[in-house]
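K.L.:
Which chain is which? The protein sequence lines are A and B, in order.
Quick note on the numbering used here: the first sequence kicks off at 58 and runs consecutively.
Quick note on the numbering used here: the second sequence kicks off at 16 and runs consecutively.
I should point out that these hints are in silico values taken from the structure, not numbers from a laboratory.
Errors might be hidden in some of the hints.
Stated by the list, open to error - With beta-carbon atoms standing in for the labels, derived distance ranges:
#1 A:Pro67 x B:Met103: 26 to 32 angstroms
#2 B:Asp66 x A:Gly73: 46 to 52 angstroms
#3 A:Pro67 x B:Ser97: 30 to 36 angstroms
#4 A:Ser109 x B:Val27: 31 to 37 angstroms
#5 A:Asp64 x B:Asp66: 44 to 50 angstroms
In this text the structure is predicted, and so the values were computed from the model without any measurement.
Idealized CB from N, CA, C, for every residue including glycine.
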Amino acid sequence: RKEVEQDPGPFNVPEGATVAFNCTYSNSASQSFFWYRQDCRKEPKLLMSVYSSGNEDGRFTAQLNRASQYISLLIRDSKLSDSATYLCVVTLSDDMRFGAGTRLTVKP
Amino acid sequence: DVKVTQSSRYLVKRTGEKVFLECVQDMDHENMFWYRQDPGLGLRLIYFSYDVKMKEKGDIPEGYSVSREKKERFSLILESASTNQTSMYLCASSFGPGNTIYFGEGSWLTVV
Chain A
58 RKEVEQDPGP FNVPEGATVA FNCTYSNSAS QSFFWYRQDC RKEPKLLMSV
108 YSSGNEDGRF TAQLNRASQY ISLLIRDSKL SDSATYLCVV TLSDDMRFGA
158 GTRLTVKP
Chain B
16 DVKVTQSSRY LVKRTGEKVF LECVQDMDHE NMFWYRQDPG LGLRLIYFSY
66 DVKMKEKGDI PEGYSVSREK KERFSLILES ASTNQTSMYL CASSFGPGNT
116 IYFGEGSWLT VV
């Protein structure tokens, strides 16, 4: 079993749609959680941290479920510019584990 | 603004050549990392360093070595490049455990 798993997609959605990604992790002691966005042939960039209480940044909402060991990312009112690969990151001390990424394509 | 700079964006090397990939960060970060990213495999950690002259093996250290002589600089060395090391290499840094990790723009290496 991989330490961090994501549905690779691709997710193809129309503009304006709501889309959700999940990411499961195997180590229950994991401490910090993040979502990164990676555009084609570019480096990953931080989208948002994920807090225990959940957090929202505009159209993006991230949640953490420690009991079931997953984090989620919800994107509302999708834009063409949201097309990218979304990586989840789970950390325990200095050990950072990346998911393989979920690819999203938003179409007109 | 946070800056991680990888000196070489695109390289083509021959099998058996020694390859140096340089990375510099200007944020006084303690931790630095080298990853490679391949389609379908995601990001895989090669080596990381949590202090000057300190290094730890990641998941795929074979065929690689690293050097961290100064806090801001972390170098990845391929002693004898092979075709299966053709990949995108990403350098990253962070303040420490649990902190945001910042990436360089990546180095695309082709070994022929």
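K.L.:
Now, for every hint given, state plainly whether the structure supports it.
P.N.:
Do the hints match the structure? See the list:
1. A:Pro67 x B:Met103: 26 to 32 angstroms: violated, 20 angstroms
2. B:Asp66 x A:Gly73: 46 to 52 angstroms: holds, 49 angstroms
3. A:Pro67 x B:Ser97: 30 to 36 angstroms: holds, 31 angstroms
4. A:Ser109 x B:Val27: 31 to 37 angstroms: violated, 47 angstroms
5. A:Asp64 x B:Asp66: 44 to 50 angstroms: violated, 37 angstroms
Checked against the numbered hints given earlier, this structure breaks hints 1, 4, 5; the rest are met.
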